[in-house]
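*Asks:* Sequence:
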Amino acid sequence: MTEITVAALQLAFSDDIERNIANVSRLVREAHARGAQVILPPELFEGEY
Numbered sequence: 000m001t002e003i004t005v006a007a008l009q010l011a012f013s014d015d016i017e018r019n020i021a022n023v024s025r026l027v028r029e030a031h032a033r034g035a036q037v038i039l040p041p042e043l044f045e046g047e048y
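All letters in the sequence shown, in the order written, are residues 0 to 48 by numbering that gives the first Met the number 0.
Rather than coming from a laboratory, the hints here were simulated on the basis of the structure. Note that this is a predicted model, so its numbers are computed, not measured. Just so it is clear, CB atoms sit at the ideal spot from N, CA and C, and this is done for glycine as well. Careful: at least some of the hints might be erroneous.
[Claimed, not checked] Across the chosen pairs, the derived CB separations fall in these ranges:
| # | residue 1 | residue 2 | range |
| --- | --- | --- | --- |
| 1 | L39 | S13 | 14 to 22 Å |
| 2 | T1 | L39 | 14 to 22 Å |
| 3 | L39 | E17 | 20 to 28 Å |
| 4 | G34 | L10 | 13 to 21 Å |
| 5 | S24 | M0 | 28 to 36 Å |
| 6 | V5 | L43 | 18 to 26 Å |
| 7 | P41 | I3 | 15 to 23 Å |
Construct the complete structure from the given sequences, taking the supplied hints into account.
*Replies:* Right under this line is the structure:
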């Protein structure tokens, strides 16, 4: 059986869309650097809903 590493991202969001995207991008890079093969960002992460 093949093993995979999954990362589920969780963070606080604001009404600053660019900042939200930058924060998620940073966390995706960190998760990848730690070996995550599947990375799950929160849905609707661009802005508050």
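*Asks:* Hints first: check each against the structure and report whether it holds.
*Replies:* Each hint tested on the structure:
1. L39 with S13: 14 to 22 Å: 21 Å, holds
2. T1 with L39: 14 to 22 Å: With a Cβ separation near 19 Å, T1 and L39 satisfy 14 to 22 Å, so the hint holds.
3. L39 with E17: 20 to 28 Å: Since L39 and E17 have Cβ atoms about 21 Å apart, the given range 20 to 28 Å holds.
4. G34 with L10: 13 to 21 Å: With a Cβ separation near 20 Å, G34 and L10 satisfy 13 to 21 Å, so the hint holds.
5. S24 with M0: 28 to 36 Å: The hint (28 to 36 Å, Cβ to Cβ) holds, given that S24 and M0 are roughly 32 Å apart.
6. V5 with L43: 18 to 26 Å: Distance hint for V5, L43 holds at roughly 20 Å.
7. P41 with I3: 15 to 23 Å: The hinted range 15 to 23 Å holds for P41 and I3, with Cβ atoms some 20 Å apart.
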